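Undergrad: Can you make the complete structure from the sequences, with help from the hints?
There are 2 protein chains.
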Amino acid sequence: LEIADYEPASDTGHLRFYPKGAFIRGLLEDLAGQLAQEIGATRIETPVLYKADEPDIREQAAKFAQKDYKIRLPNRTLLMRFAGDFGLFKIMKNTTMSYRQLPVRIYELSPSYRLEQSGECVGLKRLRAFTMPDIHCFCKDLKQGMEEYEQLFTMYTKTVEAMGIEYVVAFRVVEEFYRENKKFVAKLLKRVKKPALIELLPERKHYWVMKHEFQTIDAVGGNGQLSTVQLDLEDSERYGITYVDESGGRQ
Amino acid sequence: LEIADYEPASDTGHLRFYPKGAFIRGLLEDLAGQLAQEIGATRIETPVLYKADEPDIREQAAKFAQKDYKIRLPNRTLLMRFAGDFGLFKIMKNTTMSYRQLPVRIYELSPSYRLEQSGECVGLKRLRAFTMPDIHCFCKDLKQGMEEYEQLFTMYTKTVEAMGIEYVVAFRVVEEFYRENKKFVAKLLKRVKKPALIELLPERKHYWVMKHEFQTIDAVGGNGQLSTVQLDLEDSERYGITYVDESGGRQ
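Each protein sequence line maps, in turn, to chains L and E.
Note that UniProt numbering has the first sequence beginning at 1, numbered continuously upward.
Note that UniProt numbering has the second sequence beginning at 1, numbered continuously upward.
Mixed in with the good hints, there may be bad ones.
No distinction is drawn between identical chains; accordingly, a pair holds when it is met within one copy or between any pair of copies.
As the list claims (entries may be wrong) - The calculated lysine-lysine pairs, modelled on DSSO-like cross-linking and capped at a C-alpha distance of 27 Å, are:
#1 K51 / K67
#2 K182 / K93
#3 K67 / K20
#4 K211 / K187
#5 K70 / K51
#6 K20 / K51
#7 K205 / K182
#8 K93 / K20
#9 K20 / K140
Calculated directly from the structure, the hints in this document are not laboratory data.
In this text, all values refer to a predicted model and were calculated from it rather than measured experimentally.
TA: Dropping the structure here:
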């Protein structure tokens with residue numbers, strides 16, 4: 001097929017793309033860009049390396065436990081990003097936004113690096129180096145956040161349907177949020193008419209109150225997850241991202 | 001202008017691109033892809049990380065003296081590529097080519113990392129993280145190599161002229177090659193009608209016998225180099241890249 005192989009001169013789980021593979025990958029990147037543009041997301045590009053001692057990065061890296069590629073230099077330690085958030089949140093922290101501009105949607109096609117155990121690397125599916133199209137929607141309040149969630153849910157549904165992939169939906173929802181927003185979840189599920197698993201979490205342990213992904217079975221009988229969407233409440237505070245509200249205050 | 005800035009949470013010389021910057025960068029990447037396509041180059045994509053103890057990589061890294069970002073893991077040391085060649089040559093080594101297919105032109109848009117001294121980093125011009133569009137033309141013999149050189153010279157001339165940049169041409173040529181191919185150099189220079197410096201090297205110290213770049217003066221009076229082309233004789237042997245010739249032998 002000559003699409004892609006592990007590069008023997010690189011680490012396990014790092015792919016080299018032959019012409020056909022580079023072509024397919026280019027088309028997928030274009031598609032990701034088009035989807036982002038469809039919902040009005042603006043593209044940015046941020047670095048791959050970050051200082052490991054930045055407070056927010058250190059906190060995230062700690063949760064990630066040894067899965068990062070680290071570069072130790074005489075007076076600083078850098079890590080290769082394992083997700084696209086760092087640079088994006090840093091930019092948003094420096095951005096002045098008014099409530100009138102929200103929601104602000106930012107998109108990055110983020111090369112990411114994760115030092116997975118070598119036995120965990122699987123074909124094209126789980127790698128140590130991969131590119132993650134990442135959209136973040138910054139919202140005024142929970143209501144706007146839920147509108148954005150619905151828009152993303154709908155867009156990804158159309159995309160997966162267009163690929164002709166069989167899937168079910170797996171939600172994870174904080175119980176209190178679920179009790180208050182049962183109708184919202186039901187509305188989403190009516191759009192897809194697919195079986196769904198709704199896992200309820202007794203309390204909020206993560207930065208999100210609700211997330212979902214599409215679960216699929218791949219050609220060799222393995223499990224696959226597609227297009228995760230998360231409704232986050234904590235990150236804006238953790239990363240110091242604020243907007244100017246109607247009365248001129250910061251939120 | 002909000003185009004790009006150093007990311008303070010990254011290492012010096014790593015840029016973050018704001019929406020306008022990411023847009024401009026995207027257009028430049030498209031242009032590089034179009035130019036590559038114009039001469040029939042095929043795109044590949046290769047990893048960023050390589051094993052530091054691979055013989056050819058070790059040899060190149062030694063010349064590069066401490067300028068690489070290294071990741072030391074318990075049983076291996078990886079380095080971030082400082083140029084696009086490693087992965088590309090590894091693919092070509094595994095490729096079976098016949099003389100009838102030559103020249104084969106391969107293109108990569110290569111993110112590259114160089115641990116320059118922090119005082120050496122300059123604006124958008126000299127960075128520790130940058131992307132290099134890299135075209136390699138694999139040729140049957142020196143004659144074909146010179147034809148390719150001329151084609152690239154002409155293409156880049158048109159590109160620089162279209163940008164309206166004032167430039168002169170700086171050649172570095174091995175003296176023996178120059179004596180034998182004076183007419184070839186003169187022919188190239190007739191195309192541009194620009195002043196040129198031709199530096200003669202008494203013997204071949206590098207892998208190329210001839211190279212040039214366009215020299216410019218930038219807006220702040222600094223020196224800039226554009227579109228380097230090199231005529232290489234050694235790399236195919238060093239990297240074990242061969243083709244099948246008319247009589248079925250390997251060259």
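Undergrad: For each hint, tell me whether it holds in the structure or not.
TA: Hint check results:
1. Proximity of K51 and K67 under a CA criterion of 27 Å is satisfied in both settings, with 16 Å inside one chain copy and 18 Å between copies.
2. In the homo-oligomer, the alpha carbons of K182 and K93 never lie at most 27 Å apart, since the shortest distance is 33 Å inside one protomer and 59 Å across protomers.
3. Neither within a single protomer nor between protomers do K67 and K20 lie at most 27 Å apart by alpha-carbon distance, with minima of 31 Å and 33 Å respectively.
4. In this assembly of identical chains, K211 and K187 lie within 27 Å of each other by CA distance solely inside one copy; the values are 15 Å within and 64 Å between copies.
5. In the homo-oligomer, the alpha carbons of K70 and K51 lie at most 27 Å apart both inside one protomer (10 Å) and across protomers (15 Å), since each shortest distance falls under that limit.
6. For the homomeric pair K20 and K51, the shortest alpha-carbon distance between copies (25 Å) is at most 27 Å, but the shortest distance inside one copy (36 Å) is not.
7. Proximity of K205 to K182 under the C-alpha cut-off of 27 Å is restricted to the intra-copy arrangement: shortest distance 20 Å within a copy versus 73 Å between copies.
8. With identical chains, the CA atoms of K93 and K20 are at most 27 Å apart between copies only, with a shortest distance of 18 Å across copies and 40 Å within one.
9. Taking identical chains as interchangeable, the C-alpha atoms of K20 and K140 lie at most 27 Å apart only when they sit on different chains, with a minimum of 24 Å there against 43 Å within one chain.
Consistency with the previously given hints fails for numbers 2 and 3, ordered from lowest to highest.
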